[in-house]
Amino acid sequence: MSVSISTPPDDDMVPPEIVATVFYSATVSDSLAILVAETVGSSQRLTWGNQGAMQLLGYGLEDLRTLPAAHLFPTLGGGELKLLLRRERTARMTLPIRTASGATVDAVVITTPAPGGRTWTMRILDTANEQERALRATADAHERRFSALTERSPIPTLLSEQGMRLAHVNDAFCTLVGLRAEQLLGTGWIDTVHEDDLDGVIEQVAAALDGAEVEIQARLVRADGSVRTTVIRFAHLFTPGMGAGFVGTIEDITDRLAFEAKLAHQANHDPLTGLPNRTLLAQYVADRFQAGTSGLACLFLDLDNFKVVNDSLGHTAGDELLVEVANRLGATVRPGDLVARFGGDEFVVVCENVDEEAAVALAGRVSDALARPMRLGGVDIRPYASVGVTVQTAEHVAAEELIRDCDIAMYQAKASGKGRVTVLDQEARAQARDKLRLVAELRDAIERREITMYYQPIFSTRDGQPVAVESLARWNHPERGPISPTVFVPLAEESGLITALGRLVLDETCRQLAEWDHLLGTGVVGRGNVNVSALQLDDNLAAQVAAALDRHSLAPPRIQIEITESALMKDPTSAREVLEQLRDLGVELAIDDFGTGYSSLAYLRHLPVDCLKVDRSFVAELADGHSEIASAVIAMARNLNLCTVAEGVETVEQAEELTRLGATYLQGFSLAEPMSGGHTAAWFAAHSEETP
Amino acid sequence: MTVTPFPGADVASAPVFDIEKVLAGIDQMAAQRPVAAQIVSVANSDDTDAKALARILASDVALASRVMKLANSAYFGMRGRVTSLQFAVTVVGFTTVRTMATVALTDLDDESRLPENFWGVTTSLALGASILAPKFGERPQDSLCLGLLAQMGAALLHHNDPDGYTEIITAHPTYPGRRSAETRRYGINSLRLTSVALEQWGFPVAMTTPLKEVDDHQSMDGALLRAAFEVASRLTLEDYEDIPITRITCGRLREDDLVPVLDQVRSDAAELRRAMLGDSAADDPDANPDEWVV
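Listed in order, the protein sequences are those of chains A and B.
So that you can map any letter, position 256 of the first sequence is 256 in UniProt numbering, and since no number is skipped, the others follow by simple counting.
So that you can map any letter, position 278 of the second sequence is 278 in UniProt numbering, and since no number is skipped, the others follow by simple counting.
Derived from the structure by calculation, the hints contain no laboratory data.
Don't take every hint at face value.
[Unchecked claim] Derived CB-CB ranges, DEER-like: (1) A/A26 - B/P173: 47 to 55 angstroms; (2) A/V28 - B/T246: 50 to 58 angstroms; (3) B/R247 - A/T75: 20 to 28 angstroms; (4) A/D287 - B/R55: 48 to 56 angstroms; (5) B/D263 - A/P335: 43 to 51 angstroms; (6) A/R288 - B/R55: 54 to 62 angstroms; (7) A/A141 - B/S59: 36 to 44 angstroms; (8) A/A267 - B/A206: 54 to 62 angstroms; (9) B/G202 - A/P15: 27 to 35 angstroms.
[What the hints assert, rightly or not] Not the full set, but computed from the structure, chain B residues with beta-carbon under 8 angstroms of chain A: (10) A50; (11) R81; (12) R139.
All C-beta atoms, glycine included, are put in the ideal place defined by N, C-alpha and C.
So here's chain A without its partners, still in its complex pose:
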């Protein structure tokens, strides 16, 4: 073939030397395969090929020139060669090319017609070349790795290369939903999403397609209709030339949620009866309580004589009873009412939208239901309950007040006889609240040592001289004024404050004795008598007394412990032990209010006491001419070799009569009133001056 460049170069034309250079390099190139074909008659023949084409096809240039173009392209039938050799434009086809050996090579053929439309250059790109093969192998390897990873992965996985339509789903997902891959591919997987969660899932897929990484909790419905709760995590995926898709990985959290729910249930429910516990009850009431409204009611139930069942039939029977009670409660209350086990044998029912009448009616039904006989451990019993009812009023400002009020009502029910229903009235509620407040204030008063001590002198009948004082605790409330010990001592006993109060009285008495010794001289105030509550009679008492004496460097006989007769009779055996400990310590012991506690005289004989205090009621009788009891007590004490203190001496006549009867000591308003520590010191000082 000859190339002639006759046209003179101008600005639009490539300079001839450049054309020559490019053409030369194309001619000798072995990496570029170029053929030239032209139309001869009605067919196309090859007229030239470069080095690369010779190499690729295996023909020599001369052989090539005799070859019809169609021979190279065995798959182009009929007139299809014309599709490749277009007259007016470039064409491109991927097709096999027949080489000299008869074998075919896959290639891309790009043809470009010359301006006349009768000659074409044909560029042949061997698709099977090394680089292409390597690229394809790499791509295949990537594909296989990805497939292996996802197919074998136990994590259910979805893959879409385009929109919501799945191109791939792994075995784990198929197993999760119980369907075959072909049922899920495309948009089939969407049908497995629970209808109520579908909108959310589609929204998240849309976000993932837009490039976000998102997750959503959604339920999947399995082929068998069962439902699994899952977390689906969507990640954006982009395939060049294809567009946006996503990878979805699914975590089945059904079992985890069930376990968490079980744990939550265990934390909020009583394991024995399965009822909500106190925590859940508080939460439940708090959720429904709205201050200033009404309609919420609480019933507090406490089984009567539950302890008897436990003690006589055993704890298993007790548990059985509680379960039966729980069942009966559940069957009796209205749908929507909450039954909770408050603790022990206490249950609480919470109802909404009820008035007092309805709540009381419910309490009645509950009582009746519980009172039906049941057989427990071979014994027929009727589990009666005391029921306290509270309906929310305007006074309730916090949810917990409702439960506290029905608790109070239950105690009232119990106090007025068992098996009753009591509605907490406003007065009782106010009283209960006042009492609660007073307890808190008493606690503060003890902590701040605002309980003050008064001291009442005790006189010897022998010479009329004061020999001791009785310590009397006084509480002067900053707002309520003086509060009687008959109020605050029982309050301290009920609320567990009695030990602290007793310790305060003991310590303050010892401190005061030491101070008087310092002021007046040792022994001017011979002894301090301290009252001890029945609740203090335990193994700690002797140690507390010893510590107080030690703290203020006092000899034990400077203190006399007064214990009421009734306190001693509660548990005589242990009382005796405590008294012996105190006696061993060296302190004196007296029985207070003697004659009022129905004590056994035989027993009294064995108690290690030094003194009996004749109760003021017997002293008061003297004025009416009745001296029998006072006389008998004093005589008996003398026979037992005990001294006596007559309390409540209010007249000179009483004092004279008691002296005549043989009382050892006298104490009363007519002789000396209780005084503060300072006044007592002054009183003793003055008294000692009067008496030579």
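Once you've looked at the hints, dock chain B against the given chain A.
Chain B only, in chain A's frame:
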């Protein structure tokens, strides 16, 4: 160029038929639909993104409205949630946008110029190919596009030789038979013609190979398209005598596999057809481009 009719054919009725002219005609169509042509050329580029495609697409209201409609169709599962054109491109994918542009470019959306029931067959073919694709290790969305475009060659032949092509259809109700007749009459069958056109526009070889190998029953590359034609035939041809599916798919499919596919294609074909052809832009409330977030 003049194609000599196959020996034995009625020489008198043989049309003067120039395949190159047919192909050149496509270029002329492209000039009339510049937006579609631009999409066909841009969508294949590796660095194209949905934003760029949406921007081009927005200037062809009819085409854009079809993409929106398709994105919201049951096929893509978004159930009317696609309101932005860019997101619509994301949902249907670049290949599908490109396919739709090609449909528009080649006037395949003008039913008056197409063989009878062209779109009934095409949607069945496309859905059949898409649903069966996973069985053949192919991507459903690629197969959908292949199915949508496969009959482009037939449309071109019909367009250039309406009477002759109608005769072929009448004389050869089955597709393999029709293809033989096409080769005899035009020197090339319609699928082959499609593959040449697609190759010319740079569609991937994976899409053109099945078109070339559909009649080679030993070739796995053509098996999916053969199966899709069988699905379309069973659904659209009257008195069609089923060909056992196992035979034409190299044993890849059994008759049982085909039952749910036929049902699904039957139920979804109409919607796909509506999405592909669209209503006129004026009739389509979704078609106001001002409302699309591009």
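Going through the hints against the structure:
Checked against the given bound of 47 to 55 angstroms, the beta carbons of A/A26 and B/P173, roughly 52 angstroms apart, stay inside it. The hinted range of 50 to 58 angstroms is satisfied by A/V28 and B/T246, whose Cβ atoms lie roughly 54 angstroms apart. Between B/R247 and A/T75, the C-beta spacing of about 24 angstroms keeps the proposed range 20 to 28 angstroms intact. Range check, A/D287 to B/R55: Cβ separation about 54 angstroms, and the 48 to 56 angstroms hint holds.
The hinted window of 43 to 51 angstroms between B/D263 and A/P335 holds, with their beta carbons roughly 47 angstroms apart. Our hint of 54 to 62 angstroms for A/R288 and B/R55 holds, since their Cβ atoms are close to 57 angstroms apart. At roughly 42 angstroms, the beta-carbon separation of A/A141 and B/S59 lies within the given 36 to 44 angstroms, and the hint holds. Taken as a hint, the range 54 to 62 angstroms holds for the pair A/A267 and B/A206, whose Cβ atoms sit roughly 59 angstroms apart.
For B/G202 and A/P15, the Cβ-Cβ distance of about 33 angstroms falls inside the hinted range of 27 to 35 angstroms, so the restraint holds. The closest approach between the C-beta of B/A50 and any C-beta of chain A is roughly 6 angstroms, which is under the 8 angstroms cut-off, so the hint is satisfied. Interface restraint check for B/R81: the shortest CB-CB distance to chain A comes to about 6 angstroms, inside 8 angstroms, so the restraint holds. Taken as an interface hint, B/R139 checks out: its beta carbon lies about 5 angstroms from the nearest beta carbon of chain A, inside 8 angstroms.
The structure fails none of the hints (numbered hints given earlier).
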